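Protein chains in written order, with the working numbering: chain A, 16 to 748; chain B, 506 to 789; chain C, 926 to 1383; chain D, -5 to 170.
It is worth saying that the hints were derived from the structure and are not from the lab. Take the hints with a grain of salt, since some may be wrong.
[Stated by the list, open to error] For the chain B half of the interface with chain A, some residues (derived, Cβ under 7 Å), not all of them:
1) Lys564
2) Ala568
3) Asn671
4) Val718
This structure is a prediction, so every number in the text was calculated from the model and none was measured. Glycine residues also receive a C-beta, built at the ideal position from the N, C-alpha and C atoms.
Now for the letters of each chain:
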Amino acid sequence: MMDSGFDRRDFLKVLGWGGTTAALGGCGFTSMEDGKETVVSYVEAKDYMIPSISVYYNSTCTQCDMGCSISGRVREGRVLKLEGNPESAINRGKLCGLGQAGVQHHYNPDRVREPLLRTGSKSGETITWEKAYGLIAEKLNGVSGEEIAFLTGGMSGHLKVLMGNYLDSFGCKNHFVYEAIAPAVVRAANKKSYGVEMPRISINKAKVVLSFGADFLGSWVSPVHFSQQYAQFRKGVNGQRGVLIQVESKMTLTGANADRWLAVRPGTEGILALGIINALGTATGDVAAAVKGYDKVRVSKDTGVSAEQIDKIAALLKARTPSLVLVGSAAEGYAHGSQNAAAINLLNQVLGNVGKTVEAAASVPFPQMAPALGNTAALQGLNKGLAEGKFKVLFNYAANPVFTAPAAMKFKDNMAKAGFKVVFAHYLDETALQADLVLPLDSGLEDWGSHVPEYMAEGAQINIQQPLMEKIHANTRGMGDILLSLVKQRRSEDYKKYADYYAYLRDALLKNKDAFGGKGIDDDVFWDDTLSKGIVKLAGSTGALSAKASAAGLTLPAPAAIDAQFPLQLIPSVNHSLRDGRNTNQPWLQESPDPLTTIVWDSWVEIHPKKAAELGIAEGDIVEITSKNGSIKVQAYLFPGIHPDVISVPLGRGHEAMGRYAKDYGVNPFLILDAIFDKETGELAMHETRVKVSKTGQKVIVVKDEGPAGGRQMGKKIAPRLPTDKVDFSKEV
Amino acid sequence: MSVTTLLEGWSDWRHEHPINDQPHNPYKWAMSIDLDACTGCNACSVACYAENNLPVVGKEKYAHGQVMHWLRIERYWDEDGREFPDQGARFLPMMCQQCEAAPCETVCPVGATNHTPDGLNSQIYNRCIGSRYCSANCPFKVRYFNWYDYPTTDNVWPAEMNQQLNPDVTVRGKGVMEKCTFCVQRLREAESNAKSQGRVVRDGEVQTACQQVCLPGAITFGNLVDPESKVHKKWQAQQVELAKDVQAKDKEEGGSKLRGYRILEELRPYPSVMYLERVRDSAI
Amino acid sequence: MKDIREDIAWAKINKDVLHSLENPRKMFWVMLVVAIAMVGVGVGCEAYQYITGMGVANMDNPHVWGLYIASFIFWIGMSHSGTLLSAILHLMHADWRKPIYRFAEAMTTFSLMTAGLFVFVHLGRAWQVYYAIPYPNERGIWPNFQSPLLWDAMAIFTYLSSSILFLYVGMIPDLAICRDNMNPGWRKKLYTALALGWEGTDRQWRNFRVTYLTIACFLIPLAVSVHSIVASDFAMSQQPGWHITSFPPYFVAGALYSGCAAIITLFIILRYVFRFEEYMTLPILKKIVRLTFAISMVWTYLNMIEMASVWYGHDPVAKDTLLERMYGPYAPFWWSMIFCGSIVPLIMAFKRFQTNIPVMFVVSLLLNLGMWLERWMIVSPTFAHGYYPWTWDHDQWPSFVQWGIVFGSFGWFTLLFMGFCKLFPSVSMYEVKEMVYHRSLATKAAAGKLEAAGKGAH
Amino acid sequence: MSQRHLLALFDNFDEAAAAVKELRNTSIKGFDSNKDMIMKSPIEHPEIEEVLGDKPVYVQFFTLGGALSGGLLAFFLIAGAQAVFFAQSKGGKPIVPFPPDFVLTYEMFILGGVYITILGFLICAGLPAKRSPLYSAKVSEDQIGILVKSDEGAINTLKAIFTKHQALEIQEEAGK
């Protein structure tokens, strides 16, 4: 220990706490601050806790919905660090920075600790759970199912089942599953093209990957899984290294790792795809007809990608098969997003990748557990309902719409129209502050649960979530427990046999033991085995994908003309660790630099140096970004990896609540988004917002890791680069 | 101290390291980082914070350049002046290179930083008096000084947060230098376990925190003197030798198809970290 | 322009010097108060830094050294001319040194003490400084003898203690004079104790002569070694802008330079404050000024050598760092260093200015400013623009804490120095007597008035 | 026979010298000019001390001893510490690196030299000294004093010599 008495004293305390944590269960925790009477000698320590020896418990990461299986290092009853669980096919023992920060969600000092009744007084008064439940019962009394709305984030597994049962108990159909940034349009397009929403893709099998704005290394679908595929893809099959081509208007982490990054004019991704099909010249039938018009000249005029580049890509795709074409958020974020996605999927089919690098994913044989996928159309629906004042009671879980809904939707005001608002929350975030009743949740590392990941890597699997340590705060509850108690209010007789959600979960799993490959194994043995594995692998069923290329109903609009008043397109970029801002209050993530700009603790707007010169903007200038729906002030960062007609502001920062680590850092671009929706799916078109930029005259020093040398190596051999013909991979280990 | 021991001492210790010195035995911890696999996702850096009790200094102190990340990801652009960086960026994870002939070691007035028998560049917090000479003389600038008392006066770990602290790693007080240790706490544990079983640590038995999380597995870590270890094989394949400042790669005209190199090798610190050059396809 | 009168009564010499101990001009008290205030500022800043952490000095990684090290070198440097004047000129029998060497030596001692402070101010854990002392201890740890910082510590300790002894031994006969002439009181007690019962017997003088000469011989190489070791702190490192062969001589020259400049400043101050016009005469000032001018030119030369060696050294990084100094964010300071260090001294080449007190006062201050800037320009740019581009840091600017402590150090020095001059004879009485005695003998011999040789020096 | 002290003060240095010379040449019973005569002067002037006959100085031998022992001590302390107590490899340099050790040796060489020289000076010059029975502040101002010690009988002879050489003043130890 260092000279500061801090650590020794604290660790001793912690030993005490730890002892209690394990030995005396939850009861020791009220007096944690001064671990007085709770210090127990290790003579009594439980067998699973050996002083100074770490044990690892498997569970599931709840930092995002990708369902990575984690293995938590627990010592003296405290979880210290999260690693990946090698058993899981999704993350194979790896865990991203976001997942690592899970412990800071768990130990976060700004968590809600008591049920809060917020009627009238701003801060809210602390009440007991009994009172809280009583209140809910009272408010629901005589309210019909149509008048109840339940807004949640994406959810799956037994929680979803319980949820469904609860809503059924009112005959309520209003379960809105909302995710601010989800590949909803792509799902729909995939459904059309392939017959499934989320096929299984194999980057590692592809020799060429052509990605239209799919940031699969950063934030798209399952980065942890794809990063590992990417590594194999780079090593290549028999020494031929895979080639990555990224097409997007704002460089993402994936774009930064591409062999060729193409700055396409925003919204013209689909056109480029058709142009490539045309250039390939292998298409037949209606496809050939559909792409006839898209000759190099026109396409390169529309997209800004040079003709020879298009030829090169076509040639490469021809020469190296199988390839893989991906469509991501950059392509889908437009009013014609579905069309873009369809066109790009078409390219995949034309190349005959379906069945090779794009395969059907295994699905879990229990549809009721299958993930309820979030999207923005749901929010739209809820918002309409709220505006009409249809809902008397609103429940909200795992979503922060007040923060993530475009101001144009007036969600905050509409929400106020709901009679009674219950928010299940970890923190007092923007939405919780609008609630009448705030119910504190257990952290992801304190709670029980089961998850079915949206993206199935190989084979089907159910992830088990179990507590890695005892609750830190005595008065938080798991969402499962809360739902169970609520269901009991309605159907006590069906559920009274379950003391708590744990019992429910255990029972539910054991019921289907056979399906989980536990045939003839003793219940306890099976259960313990399941917990220690952290995942349940099942013989999932895999259907076939439709490989038939068809251009039916494929019409792409001509690229939008430059709007004189709002000449620039705003791309709200998704940071690989902050995502939609639900994790912004985790200091490690705040201080881990954005990979491309190395900026920390703040928002910024990326402007292409050329454009900046035009506008007379230099790094650190505070600029005002104005859209039809408002404006934000943010520091400028000159960024070469962006189309000159585009500016980009990262999502996730700009919280007005959510605790010391999130509040008042940066700005929230969600607010100024235009409420434009994809024509087919009704999804919010995130990239359609047009803005203008003006200097405010203020200037700041941008807080970033990069020094005044910027990205230059000043002639030193620090991060050199070789072309493939100068490398011989076969010799490598 | 007898004159005989003294003289013996001299005869034993008059040669220079690593050149004309016996190699480390049985351990020499070393790394190999494949920049072609590295995606710059920062997971390694966060893992380092988690494993090594690194303080989060906050925006203001970050602005003053007082950040404590032992492992930083650097992002470089091509310098050919094109409109777009259309061959992407270049990411480089930079941490203490654990030099065999470390410039930082000789200059410390109190010998707080030394070379360990298993080839680490150790930093002894308790002995450090904070002259900061080591950082001054470090070519890579990967040493980080505790400008404030993060645990106490700065309260970097408020209640609850402090329970996450790794008990295997000291929490540093104000006024001492710190840096990447190759997760020495993990190494020591593995070494003593192996010793108690009368063997040496097997390859893959111990991982550094950054290696463990690295999604594309760009980081290889292991025992360089163990011919079976991955890291040894990689170094061998790249013909990079620890005790040389000019490698096969540099000698060959027009480039030998090798990728392995060590940063600022010409200064002869003999780093223990080999990087593999990033590659970009010439066909596109 | 008159020099010290040969026929000045020796009793008068005693009287004048002893007088200075008791009632100086008002200015003395003004300076004392100002100095104390400055020290107050410094102490305040240090306390704040000590409690809060080095961070408040606004240093960062990798810019880990700042004004503290720069000022450290500055003060060490300043100490050198004391030795130059008393030791070297003593060996060369330059008798004009005699009236001024005493305060020069005092300056040496006190600027060393000031420099010593910066070691503590700079350390991150000053309270553990004893780790750097080599002694067999229960912790079983030793300092690292390879570190130039340790050489520093050793050299400075040697230098400080030696110059204190040198100062003291040289002062014994004068202390005896004080003892003999003081009215009973604490001063008399003090001088009696310090004079060690000196009575100027032949035996005492004999040994005194040899001892004084010997220590002088030791001090010269010591002084040179001290600043070349300080230079090694940088030259022994690997950093661009530091790893330069010509650094040791460059530092030594710089040291003598700033020291001489400081001597001129103090010469002028003492002359006024303690009414020493009769002893610190203009011809002496002229000699120092000429000496300073010569050294300033040596420094300028070595400065160019440094650039030349970097230029032809073909080390792009070192070259880059040098250019950064000239054109980077530090340019204004670098150029003003060149101005103060190489242009301003040219004034000293003009006879009419050499004895012009106001001009020389300003010039000497400018020279010292230049030399302080030089030290800063050696330390900081290398950190701001070193080997590793990613960690370059051009924005780092010392906080008020750093400036405050540097400011305070000047007060501290003034306090010690003026205190000394008030307590001990800052003009060596017995040597002034020797000086006039020998001069009178010389003139008489020349005049050939042998019979007049009787009446000694009267 | 009891002994007494005489102190004669001269402001003329040549006369003082002459007086000394005469005292040394004339043999007086009960007075040994080598033992019993001390000259005190305000400044250091060898030319007058010469007449006292050559009196050797030994300080430089202390210097030699001090310097050598200082250097040796340093080298063995440092090299010893490195080789025996502190055998840590640093920066690829040998455990006992000579160049840095020599730097420190050099410093200690000087340190020892200076310290021991001072010591030698105090010893040889007999400082701190007991104050002698007869002393005049004039001696530290501008006059030379000659302090002699002799038997009662010789007193007058000595006085005679002093007065002859224009002694300004002759102090006499109070008789008993």
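Evaluated hints:
no., hint, verdict
1, Lys564, "holds, 4 Å"
2, Ala568, "holds, 4 Å"
3, Asn671, "holds, 5 Å"
4, Val718, "holds, 6 Å"
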